[in-house]
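Note that the protein sequences, when read in sequence, are chains A and B.
Numbering of the first sequence is given in the UniProt record's numbering, commencing with residue 1 and proceeding in unit increments.
Numbering of the second sequence is given in the UniProt record's numbering, commencing with residue 1 and proceeding in unit increments.
Please note: incorrect hints may appear among the correct ones.
Since the list gives no way to pick out one identical chain from another, each pair is judged satisfied if it fits inside one copy or across any two copies.
[Unchecked claim] Computed list of lysine to aspartate or glutamate pairs in DMTMM-like fashion (alpha-carbon distance at most 25 Å, straight line):
| no. | residue 1 | residue 2 |
| --- | --- | --- |
| 1 | Lys26 | Glu140 |
| 2 | Lys388 | Asp195 |
| 3 | Lys233 | Asp201 |
| 4 | Lys349 | Glu339 |
| 5 | Lys236 | Asp201 |
No lab work stands behind these hints, which were simulated from the structure alone.
Predicted, not measured: the structure shown is a model, and the values here were computed from it.
There are 2 protein chains.
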Amino acid sequence: MTAPELNKRMANAIRALAMDSVEKAKSGHPGMPMGMADVATVLFTRFLKFDVANPHWPDRDRFVLSAGHGSMLLYSVLHLLGSTALTIGQLKQFRQLHSLTPGHPENFVTPGIETTTGPLGQGLAMSVGFALAERMLNAEYGDDIVDHYTYVIAGDGCLMEGVSHEAIDLAGHLKLNKLIVLFDDNGITIDGHTDLSTSVDQVARFQASGWHAERVDGFDQEEVAAAIERARKSDKPSLIACKTIIGYGAPTKADSHASHGAALGAAEIAGAREKLGWPYPPFEIPDDVATGWLEAGKGWVAEREAWEARLAAKDHDLKAEFKRRFDKILPGNFEAAVEAYKRGLSDTKPKVATRKSSEMALDMLTAIVPELVGGSADLTGSNLTRGKPQKPLTPEDYSGRYIHYGIREFGMSAAMNGISLHGGFLPYGGTFLVFSDYARPAIRLSALMGTHVVYVMTHDSIGLGEDGPTHQPVEHLAALRAIPHLLVFRPADAVEVAECWQIALETTNHPSLLALSRQNLPVLRTAHSVENKSARGAYLIAGPADAEVTLFATGSEVEIAVNAMAKIEAAGRTARVVSVPSFELFAAQDAAYRAEVIGTAKVKVAIEAAIRQGWDTFIGHDGIFIGMTGFGASAPIEALYPYFGITADAAADAALARLTSNV
Amino acid sequence: MTAPELNKRMANAIRALAMDSVEKAKSGHPGMPMGMADVATVLFTRFLKFDVANPHWPDRDRFVLSAGHGSMLLYSVLHLLGSTALTIGQLKQFRQLHSLTPGHPENFVTPGIETTTGPLGQGLAMSVGFALAERMLNAEYGDDIVDHYTYVIAGDGCLMEGVSHEAIDLAGHLKLNKLIVLFDDNGITIDGHTDLSTSVDQVARFQASGWHAERVDGFDQEEVAAAIERARKSDKPSLIACKTIIGYGAPTKADSHASHGAALGAAEIAGAREKLGWPYPPFEIPDDVATGWLEAGKGWVAEREAWEARLAAKDHDLKAEFKRRFDKILPGNFEAAVEAYKRGLSDTKPKVATRKSSEMALDMLTAIVPELVGGSADLTGSNLTRGKPQKPLTPEDYSGRYIHYGIREFGMSAAMNGISLHGGFLPYGGTFLVFSDYARPAIRLSALMGTHVVYVMTHDSIGLGEDGPTHQPVEHLAALRAIPHLLVFRPADAVEVAECWQIALETTNHPSLLALSRQNLPVLRTAHSVENKSARGAYLIAGPADAEVTLFATGSEVEIAVNAMAKIEAAGRTARVVSVPSFELFAAQDAAYRAEVIGTAKVKVAIEAAIRQGWDTFIGHDGIFIGMTGFGASAPIEALYPYFGITADAAADAALARLTSNV
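Generate coordinates for the entire structure from the input sequences, incorporating the hints supplied.
Written out as structure tokens, the structure is:
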């Protein structure tokens with residue numbers, strides 16, 4: 001047996017495990033693993049710096065299966081490399097409840113999986129974040145501590161999705177030369193051959209975006225290896241288009257979408273075994289192949305140990321800081337600094353937009369939390385996301401901690417996920433709240449994976465004024481609150497902004513999103529409180545506990561609620577105001593606190609310059625809602641709030657009328 | 001005065017009106033109109049086939065201002081061409097409430113505006129739909145009735161957004177040679193110079209996607225004209241990258257993002273007037289320039305009249321059909337056909353997935369409604385969106401009425417908007433419900449504009465099973481119901497599917513979205529009703545009106561509710577089931593009907609395999625909700641529903657326990 005022959009057999013082991021697991025589950029995607037088995041064998045046995053027994057080694061190469069439906073490729077490889085988690089029993093439980101082998105790779109389920117993929121294009125887009133994080137850390141810690149590659153397997157679907165353009169344009173611009181994408185160029189999509197829907201020349205396309213790109217035969221392991229060697233030496237990110245055949249080996253379903261997303265069936269599998277020269281029973285790996293893979297799995301142990309020795313030799317502070325950041329622990333002075341900052345706000349009472357007080361908070365935070373990496377989708381001057389200490393990151397200088405993401409909300413958000421998953425950084429990025437729609441697929445993945453990222457979404461209502469309904473969020477707060485495990489904040493003043501930033505940075509297992517105003521807002525929290533009141537989600541901000549009217553509001557509408565309270569009091573009745581910076585955190589409070597905050601006022605009013613959906617939880621089905629029922633309009637803010645009836649007068653009048661009608 | 005000199009002055013009129021209107025509004029974007037004024041002058045005075053007095057002429061060239069923030073370019077041009085709507089008074093009311101000149105172009109506000117733009121990239125993506133509709137109609141009606149171009153002005157932002165890739169890949173593949181994009185290549189974005197965030201070679205990029213692409217000097221009108229001539233002759237879609245200077249003429253702010261999105265200020269405007277040789281007061285156009293533009297505005301009257309004569313000479317049926325389709329009137333036999341089809345379903349009771357009964361409905365509908373244009377984002381065999389009579393559209397044959405949109409949910413949805421806006425077609429397209437997130441920015445524009453499109457979203461819950469949480473919608477029904485003016489349907493059986501399709505086709509001023517199951521569901525509407533019950537949004541589908549328990553449910557969970565009803569009855573209590581195919585249509589019913597449907601049962605239960613948000617409207621804050629509280633999991637459907645507690649037993653037990661506790 002020569003080495004090349006063993007290599008081929010090692011690739012066939014992936015094919016067999018993929019066929020057999022999908023067949024047992026009667027569900028899954030055998031075609032991609034069978035097509036890309038040779039490429040994966042080359043990558044995982046010769047290049048990928050990875051110790052399967054220590055999957056969290058910070059300087060490992062990262063591997064992203066952007067074509068996530070081919071999850072059996074990754075599970076097979078991890079099993080073959082010797083993962084103690086991914087036993088053969090787990091492969092037999094593919095796609096079953098509570099298994100470590102779900103339909104698509106889930107990093108929060110399976111050891112050794114770097115990120116959750118399946119929604120096409122996002123793996124590729126996240127890989128830009130991984131590669132960027134590597135370069136940024138390298139700029140701080142040097143080659144002997146951080147120096148690794150990010151490899152991606154992507155399919156036609158990934159490259160057809162729009163986010164791929166945002167990703168490759170950004171990666172090419174930033175010269176992320178340690179990013180290497182292996183394109184499964186099999187010419188097949190679910191509907192049939194790719195010529196049904198695309199004619200793009202991918203190599204030319206990537207070259208136009210500043211990538212090194214070439215084509216290889218995806219079944220010629222030496223050719224693939226040589227291309228990876230060239231890619232590793234390039235000063236640009238690299239695309240290697242690997243010409244493959246989907247379902248390679250299947251006698252009738254190869255080169256057809258029939259092998260993409262369903263079990264092949266017993267006859268087809270028997271035929272494939274024959275064709276591949278693989279006479280072994282299902283889930284059985286012959287010794288030579290098993291040994292070959294296990295040896296590859298141990299190939300980087302010495303390298304990892306050498307890395308650990310290099311780190312151990314560094315001075316104490318550097319080591320502690322490196323560990324702190326990978327452990328997601330904030331600097332020791334964080335809490336005190338936030339409290340001092342908050343106290344200053346209650347003293348000075350700056351009447352500024354919450355986007356501005358967010359910038360003020362960031363000036364402070366970026367000075368003490370070096371892992372913060374800011375950015376904006378080309379709205380820096382509007383989102384006010386750049387902290388004073390931050391200089392822009394450029395292709396020539398990766399020590400910058402502010403990223404001009406370009407007009408790429410989705411690409412930015414996916415890159416943020418990648419940066420967070422890489423470790424060592426806490427990314428945040430800005431755009432207009434209305435364009436959270438563009439980023440939504442990545443925001444959902446943030447929530448599903450629990451990445452520690454912060455979305456800074458400004459211009460959060462009709463309050464943005466003249467740009468009109470295309471730019472005015474109306475349904476977005478409800479739509480974002482709908483996403484499980486996402487913390488949505490809409491702070492009312494500079495103090496709440498500081499508190500929400502504090503929660504966002506301290507909550508390491510959930511993403512956060514701040515909805516911030518364009519317009520100026522007074523400080524309502526004029527008495528300093530050590531307690532982070534926003535952490536309760538909702539709290540009494542003004543008025544007596546036993547008032548006849550409760551006014552619930554968020555963000556810019558809390559001021560309106562406070563003014564409405566004054567009008568109600570002027571009419572001889574009583575009112576209280578509850579600020580609701582976060583629905584999710586309020587829902588997490590105990591029943592007694594929630595009951596106290598909701599209160600027993602006869603009349604309940606909610607004020608939010610957005611749709612009602614979700615507010616019945618606070619005010620009930622018969623509560624009064626002062627907000628939007630449709631899209632906004634283009635006009636100055638001074639005209640819009642009265643036009644849509646979102647005023648203190650309207651709220652007070654409605655509450656008083658209800659009080660009277662109840663009497 | 002030679003012609004070229006007058007042409008330059010005509011361009012300066014755009015610059016002056018843009019500066020002056022933005023200055024008066026103290027808000028807006030002068031930079032783009034000032035940079036692209038020469039290009040626009042060439043396009044609108046020499047090429048664009050458009051009769052400003054008859055903006056709905058079906059064979060007019062379409063113009064899409066993808067860089068929608070430059071709205072003053074379009075308002076200025078329409079005014080100068082002689083629009084009676086866009087008076088100088090309207091330009092002075094730029095960005096004011098109720099004006100015809102909102103911040104971004106809104107086709108539902110302003111005569112002569114083809115589509116709403118501003119969310120970047122979408123104008124370009126919609127233009128693919130416009131150009132495709134033209135080719136499709138041309139294939140049906142011939143060159144003498146339909147033969148026109150679609151022109152686009154796009155900026156750096158449009159070309160950085162990911163959807164641009166989906167659009168140009170699809171347009172290049174489909175060889176949409178009558179699509180011509182003029183790229184405002186000014187090298188500036190909001191954050192500064194484009195070299196902050198992009199290095200792509202746009203000409204090479206477009207060429208890689210099968211476009212004719214070239215570069216010109218955007219201030220050389222003859223060069224621009226020659227390039228447009230070449231583009232018109234190309235057998236590919238064309239990109240003309242026009243090198244321009246943002247804010248051209250402004251003495252200090254030109255070539256800087258300072259001229260992008262704010263009024264220039266009096267001094268800068270005075271300087272620009274001097275630099276441009278434009279001594280006239282604000283909003284004043286000298287006679288020679290006004291006359292030049294007005295003559296251009298009349299340039300196509302003869303052409304339009306000739307077109308009308310050609311149409312008039314056609315036979316009666318063709319004319320009537322052409323008019324019917326542009327008037328969005330369904331064929332005369334539509335209603336009867338749907339009723340007969342519904343009757344058949346109640347008789348034969350097919351137990352199929354609602355995605356399958358949607359396909360059955362489409363087999364029928366596509367045979368009688370020729371304007372239906374189907375498609376899928378590469379999930380045809382899963383979405384079941386192709387009607388039997390439909391053959392695929394290809395670059396060689398535009399008579400196909402089924403479009404393989406590729407893995408491009410956003411691009412598909414934007415193209416559907418463009419097809420609808422063009423007129424003559426009623427587009428629908430499919431993907432998985434979870435990937436409505438990818439399409440969301442276009443769905444929002446559908447709702448804002450009121451385009452007549454139908455989104456077919458299958459695999460609408462954890463019921464899709466093994467693909468796992470990345471593919472299982474949980475928050476999507478709530479998030480879509482949050483979008484104003486979008487009709488979201490979740491039909492429970494084949495009969496409701498037929499009814500929802502009927503409503504979707506009959507509702508011409510709102511987009512519709514169907515959420516359909518992967519799993520089989522029994523026919524519950526076994527007694528035929530002539531009335532379209534789904535049109536009420538919610539209705540009593542089973543049980544007595546005065547029951548002790550009301551079970552509200554949608555889609556696949558209505559069967560569960562019916563089974564829960566039986567269990568409650570078996571326990572000696574009474575229950576009724578309300579099917580809720582559409583929240584929006586139910587909210588539009590009168591109060592009496594709503595009160596009757598909601599009913600007065602002691603115990604209210606809602607069952608939906610999704611989050612609770614929005615359901616309190618039906619069941620109240622203290623109602624019982626059987627559904628999801630977080631993300632799903634990868635497992636067979638048979639395991640998932642019990643695991644998440646969404647079963648008839650769980651619903652019945654909870655209802656009975658509440659009944660008992662209440663007694």
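In rising order, the numbers of the hints this structure does not comply with: Of the numbered hints given earlier, the structure breaks just one, which is hint 1.
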